[in-house]
Amino acid sequence: MSTERAFVVERWTRLSAGSSVAVAVVLAILALVPLLFDANVVDNLTTLFIYLILSVMWNALAGYAGLVSVGQQAFFGLGAYFAIQLSYYGVGVYPALLLGAVITAILSLPISLLMLRLRGGEFAIGMWVVAELARLIVVLDPVINGETGVSMIALNAISPDSRRDYNYWMALVAMVVLLAAVFALLRGRLGASVQAIRDDENAAESVGVRVLASKRTIFVLAAFGCALAGSLWLATSISFQPRQYFGIQWTAYMIFMVLVGGLGTFEGPILGAVIFFLIEYLFGQTGVWYLVGLGAAGIVFALFLPRGIWGTIEDKFGIRLLPVGYSLRMLRPVLHPGDGAKTPQD
Amino acid sequence: MIWGTQILNGVLLGGYYALLACGLSFMFGVMRIINLAHGDLAILGACLVFLISDTTDISPFVALIVVLPVMAAIGWALQRWMLERSLRSGVLVPLLTTFGLAIVIENGLFEYFGADTRSLAPYIGDFAYDSWAITSNIYIGSLAALIFALAVVLLGGLKIFLSYTPLGRSIRATAEDPDTAALVGINTRAIYGIAAAIAVATAGLAGVFLAMRAVFTPYSGPEQLIFAFEAVVIGGIGSLSGTLIGSIVLGVAQTLGAQINPQGFLISGHVVFLAVLAGRLVIAGVRARGGLSTLLARLP
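Top line first, the protein sequences correspond to chains G and U. Per my numbering, the very first residue in the first sequence carries number 1; after that it's consecutive. Per my numbering, the very first residue in the second sequence carries number 1001; after that it's consecutive.
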């Protein structure tokens, strides 16, 4: 008929443009929280930001690159460990927290050489072995005092009130920067590459996707993010016990947040982190029943709602608040083949 | 002479790992699932036997007669209600669901049994520490020897079962290609159920022997999963005889490591595992570039 196009490919729908503005407003308000609210709110939000970082990082690995890791606690623990080491050798507290994560990210490169050759379950448990080995080696370091652990004494030099505010701002900035990095990466060429790998590694390779390089970028980014979460956790709790920082419970939290929020969606893990934070806030005192509940919820979501809460909403209503993909908008009604054969009464 | 004893102990410890890894290897071979709850299922078996022996004074060996069918039934139910559905949803979901199951089992056991370290050794009398003198200073523990023999019989028996019985052939056909197997009249659903039952029952068996030869807590499962997995990967994934060899390599590496440093037991096991992985990568890389001779010829 004509060359006029029946659709446009678009990224920013009116809704997602609006939600981006809303995000900016929320962030501006969040930046002012320490000036407006009491210590309790600031502490809780700092914890939430750390969960959010973990959740988004694990989703980047599993939901986009198809790498299910049950050993991200390796990087969480190492980030905190290197921060302690650096502070022990005289580096200032907050630079040490950041540098600890940078060193961990550098260390994750040689680890990725070995681990990324493994597939599926082998990668999952392989990462767990890495986490265990990291813990065992850290325990050998005399600075850590074995299983007893150590405190980051330099943190005590800062008054508790200003420390709380600094931690909050650092966690907020870390969260925003990491979220923005994941958002930018997923919208670009890398996002398409890793999703192709997740869906079918061999097919992706055959159409020219650089499989290893793409996976490695996500792996190192996730290592950095988890390490930064670990050093931030250290900043809020001061003490470092190897078994706690390298504990498997972090992976359980990450899987819960991502599965409940929505594996492989950008917004889902954010929602998942908020839900997890609220559940922990309400039921964290009930001890291990709470962990049983987390595990059971993870199973139920994986089996019956594999796209999580946000993924289901997204599929049902076609809402994309922060678009990492593309959507098709029809400009005029499209006649489907076969429509013409129908009588008007239909 | 201490090294000779340690190597012998390592080989016998490898027997325990083979018993533990058998189910993990078998389940992966048939269903392509790495069951992240494998170690916790082993501990569940140990806890069930402990419960029976502790309340009724029945020997753990007799209690096994009850517990093994229960574990098999758990495996079958797991397949029916969880794994089957997970398998349909792609490769990631079985990992996520079995990890969730692991968290549920270990924390559930903690809630019921508490954090106490337990052992079945007091319930099997002298057998826990009996040993035979090989020479004046090398002894073999009778329990360790029994575990080793059991592992060899189990792995060998499983291999013969898979090779020569009709059911074994159906299992292999299903492992090879479930759709085609179903076309020629194999009930793949039942086959998967049987495979899961065998895998979980052997996991429970291994857990009970862990409890006899050492101690356990509700949170011992993840470590057992890691050991089993390392043994399977070192020996070559999917091969039952490889699993025995991998288990012995892991056991010997750990006992020799413990000889060097108290922390060395775990570290050397993990390091050997990673070294084997790295070694395979290097070999594969060399092969892909035309073999060692081609690479050497290219050197200036």
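Don't read these hints as lab results, they were simulated from the structure. Wrong hints could be hidden among the right ones.
[Said to hold, decoys possible] The following residues of chain G were derived to be distant from chain U, with all beta-carbon distances above 10 Å:
(1) L48
(2) I106
(3) A124
(4) I125
(5) E132
(6) L140
(7) G149
(8) L179
(9) T251
(10) V288
(11) W289
(12) L294
(13) A296
(14) D315
[Stated by the list, open to error] Derived coverage of chain U by chain G (criterion: at least 3 residues anywhere in the stretch with Cβ under 8 Å from a Cβ of chain G; other residues may be distant):
(15) 1082-1090
(16) 1102-1116
(17) 1238-1246
(18) 1276-1288
[What the hints assert, rightly or not] Residues of chain U clear of chain G, computed beta-carbon distances all greater than 12 Å:
(19) L1008
(20) W1076
(21) Y1129
(22) S1131
(23) T1180
(24) H1270
Even glycine gets a Cβ: it sits at the ideal position worked out from N, Cα and C.
Comparing the hints with the structure gives:
Consistency note on L48/G: stated as away from chain U, and its beta-carbon is indeed over 10 Å from all of that chain's, at 22 Å minimum. No Cβ of chain U comes within 10 Å of the Cβ of I106/G; the nearest lies about 19 Å off, and the non-interface call holds. Its closest Cβ contact with chain U, about 5 Å, brings A124/G to no more than 10 Å, contrary to its assignment away from the interface. Not every C-beta of chain U lies more than 10 Å from that of I125/G, the closest at about 5 Å, which undercuts listing it as non-interface.
With a closest Cβ-Cβ approach of about 6 Å to chain U, E132/G is found to fall inside the 10 Å limit, against its non-interface label. With a closest Cβ-Cβ approach of about 6 Å to chain U, L140/G is found to fall inside the 10 Å limit, against its non-interface label. Its beta-carbon lying about 16 Å from the closest one in chain U, G149/G satisfies the requirement of being farther than 10 Å from that chain. The beta carbon of L179/G sits about 23 Å from the closest Cβ of chain U, which is more than 10 Å, so the claim that it is off the interface holds.
With a least beta-carbon separation of about 8 Å from chain U, T251/G fails to lie farther than 10 Å from that chain, contradicting its non-interface assignment. Taking the minimum C-beta to C-beta distance to chain U, about 4 Å, the non-interface status of V288/G is violated against the 10 Å cut. Against the 10 Å criterion, W289/G falls within the reach of chain U, whose nearest CB is about 6 Å from its own CB. Listed as a non-interface residue, L294/G fails to keep its Cβ farther than 10 Å from every Cβ of chain U; the least gap is roughly 7 Å.
Listed as outside the interface, A296/G is inconsistent with that label: its C-beta sits roughly 5 Å from the nearest C-beta of chain U, within the 10 Å cut-off. A cut-off of 10 Å between C-beta atoms confirms that D315/G is not in contact with chain U; the least separation is 15 Å. A count of 4 residues in the segment 1082-1090 of chain U with a Cβ less than 8 Å from any Cβ of chain G is obtained; the coverage claim is therefore met, three being the minimum. Coverage of the segment 1102-1116 of chain U by chain G holds. Counting CB-CB distances below 8 Å, 7 residues qualify, and the rule asks for three or more.
Remark: the segment 1238-1246 of chain U is not confirmed as covered by chain G, as 0 of its residues place a Cβ nearer than 8 Å to a Cβ of that chain, below the required three. By the rule of at least three residues with a Cβ nearer than 8 Å to a Cβ of chain G, the coverage given for the segment 1276-1288 of chain U holds, with 3 such residues. With a least beta-carbon separation of about 25 Å from chain G, L1008/U lies farther than 12 Å from that chain, consistent with its non-interface assignment. No Cβ of chain G approaches the Cβ of W1076/U within 12 Å, the least distance being about 18 Å, so the stated non-interface status holds.
The non-interface label for Y1129/U is consistent with chain G: the shortest C-beta to C-beta separation is roughly 29 Å, beyond 12 Å. Remark: the non-interface label on S1131/U is consistent with the geometry, its nearest Cβ contact in chain G lying 30 Å away (cut-off 12 Å). In this structure T1180/U is separated from chain G by more than 12 Å, as the shortest Cβ-Cβ distance comes to about 21 Å. Chain G draws H1270/U into its interface by the beta-carbon criterion, the shortest separation being 4 Å against a cut-off of 12 Å.
The structure fails to meet hints 3, 4, 5, 6, 9, 10, 11, 12, 13, 17 and 24 from the earlier list, while all remaining hints are met.
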